[in-house]
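A.B. asks: Below, each chain spelled out in residue letters.
Protein chains: 2
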Amino acid sequence: MAKANQNYLKLPGSYLFSMIGKKIGEYQQQHPDADIIRLGIGDVTQPIAPAVIRALHEAVDEMGSPDTFRGYAPDLGYEFLRSVISRKDYRERGCDISAEEIFISDGAKCDCGNIQEIFDMENRIAVCDPVYPVYVDSNVMAGRTGAYDSEAGRFCDVIYMPCTEQNGFVPELPDQIPDLIYLCFPNNPTGAVMGKGMLQEWVDYARLHGSVILYDAAYEAYISDGEIPHSIYECEGARECAIEFRSFSKTAGFTGLRLGFTVVPKELKADGIALWPLWARRHGTKYNGAPYIIQRAGEAVYSDEGRRQVMGQVAYYMENARIIYEGLKEAGYTVSGGVNAPYIWLKTPGGMKSWEFFDALLERANVVGTPGSGFGPHGEHYFRLTAFGDRERTMEAVERIRRM
Amino acid sequence: MAKANQNYLKLPGSYLFSMIGKKIGEYQQQHPDADIIRLGIGDVTQPIAPAVIRALHEAVDEMGSPDTFRGYAPDLGYEFLRSVISRKDYRERGCDISAEEIFISDGAKCDCGNIQEIFDMENRIAVCDPVYPVYVDSNVMAGRTGAYDSEAGRFCDVIYMPCTEQNGFVPELPDQIPDLIYLCFPNNPTGAVMGKGMLQEWVDYARLHGSVILYDAAYEAYISDGEIPHSIYECEGARECAIEFRSFSKTAGFTGLRLGFTVVPKELKADGIALWPLWARRHGTKYNGAPYIIQRAGEAVYSDEGRRQVMGQVAYYMENARIIYEGLKEAGYTVSGGVNAPYIWLKTPGGMKSWEFFDALLERANVVGTPGSGFGPHGEHYFRLTAFGDRERTMEAVERIRRM
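Chains as they are written, first to last, in the numbering used here: chain A, 1 to 404; chain B, 1 to 404.
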């Protein structure tokens, strides 16, 4: 008799964004004329940059001709993409990361979800609270988190690291020592960043205890402050304790094209076992490479023209962030994030619960955001707005919130 | 202290195709002028069909315009693709499979590798011997197979079902009852097919014992015999016991574009737990959808023009298969497969070991194939040739083998 993986049954209720979609649908049905502005889900709205579009067309033509057709991609990614990433994202920033240590994939979400597979079931994980749900959920499904305590909104065997107004939404080093530490900076959902000194402390802590840091740098392109590290490998010793995830989704608007990569340094070991060969084996066995044409699109992001264009998109979104941040601040809200990240983290007014504020915003301003409590218990009384909207609609949304 | 997943260390040696690549490289280095013909790896060589290329260009243009840009795809795939698959691949064949039961992915290899995650660790798997390595390897990595017996070339807790000349390379129902049964027909590597009567016996067996059949139908487009089922859902009761994997890789030459899908019927349960929600949750948490432009390419395969063009490619490869099959048969070899599948399964002459024959073929004919023993102990003394080459080169390869 086949048996299902019962760990899946521990996952609480429906996914955050499904619940949001349901509430919007119901409201829209009752108010068919309502003009709803969505600043909830973190999806981009600007079209793919012209240099990238051109690269896509060229690669499509190659696939249509017998002389230039390409079949299976190399498991770990095309050399042309891995080497430009190594050079532009790492070596030019003083990080010693070789092309061979870069694994091309169909996105950081997949890699963040899959990475736990190369670790033993006995590892104890630590995550920020609030947190991007994939880190915990993928470990729940694997059976690494213990039972769900629905009252606390937490899994018994996970170490949660509160990110609060008091600590500037940057977690403190935990007392209980975790084996695997998920960190995401610039942070989703709070928009907080971690300075180099603090990140070095985490690296030192991980090396001292033999922990591995799983560093999600999906939003590094949004860093405006020159002192904030873009990569964990800017810290000394990180090659011995950290895996880094990067994405083209927010950097270059690839949410619908699907491209990302993961860095696993050759020195990195877990209790004496090198992790590079394990991740390579996982890639080779359970994955079959990102499409050739998408890898060419990724390469075009690093051309001078491509870089200029995607930096223009990032600047566009960051101007949205500024408009939201300043508009809400002037209206008397307590806001953070939005300076080195495309997310604005808003304290709900008058001690309102996150979902109460969601309902109020939807009903009174026809604006949709994401309730902070959906990211964890310490997200309660907070609310996330994203800068990925259209300019005019973003301005209109801020104006409506101010009038509330 | 972080601990690695030690199950990975049970995986024997290097991957079959890496070993082949190494041997070719060494030979080429010693004989720089040798003109090697590769009929080893199962990668296609014909360019993407014009109708599909056109759909790709159109979709790329959509991504470059603000009005038609698309961000995140729906987790389970775009409705336009799911519904055409449901209609053309299933309903038109009399199989009751709805669009909602189809999960779009980046390929059948990924899905075949990932599917085991929704099952409990205690399930006992059964595989054919010889077999496509991904089924076993993904279970080894998850820890479901026990230790490796290097003398037998087998994992202790796996049920191996011999596919031999005696049983026409179609496995018999096993005495030990498996929980999960991997079947692949038309078969890789043997090219064998399973008739509807026999497949119905497997479905009945699975229903009787509460087993789940994981049916890999990646090569269904190569079936020429009208009596051979294209889908397991042509059998009565299969909705209650089977998951089916499909691929665009061999059907339409998408090995470099990456597109496939998996069918999980709503009725399907494992010990009372419905599997559709589990696979949907896995998709939503550890995956982020196939690229929009690739899904549009997939849709174009089902247009009248696209269908005609990809059927032309399949016919081209099947003519290669006929040339290899008949050429080797006339030369006195014992051959099978090649009629309803793009693989020719060849008995090595004079009781040669598979790798001995590989070396002889490489050295004396400069032709590369795949040693049968790489697919399992019962593949020893066999050899796989693929029909995915260029016509002229395929004819040349056969001629060289005949002259050996």
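Worth flagging that the hints you see were computed from the coordinates, not collected in a lab.
Misleading hints may appear alongside valid ones.
Any copy, or any two copies together, can satisfy a pair, since identical chains are not distinguished.
Below, a list of computed lysine-lysine pairs in the PhoX-like style, where the Cα atoms sit at most 20 Å apart [said to hold, decoys possible]:
1. K22 <-> K329
2. K22 <-> K353
3. K329 <-> K269
4. K266 <-> K3
5. K266 <-> K353
All figures in this text were calculated on a predicted structure; none of them were measured in a lab.
A.B. asks: State for each hint whether it applies.
C.D. replies: Structure-based check of each hint:
1. K22 <-> K329: Answer is neither: 30 Å inside a copy and 63 Å across each miss the 20 Å cutoff.
2. K22 <-> K353: Within one copy only: 19 Å inside, 62 Å across.
3. K329 <-> K269: neither (46 Å within a copy, 52 Å between copies)
4. K266 <-> K3: between (38 Å within a copy, 16 Å between copies)
5. K266 <-> K353: Neither way: K266 and K353 sit 46 Å apart in one copy and 37 Å across, limit 20 Å.
Violated hints, in rising order: 1, 3, 5; the structure is consistent with all others.
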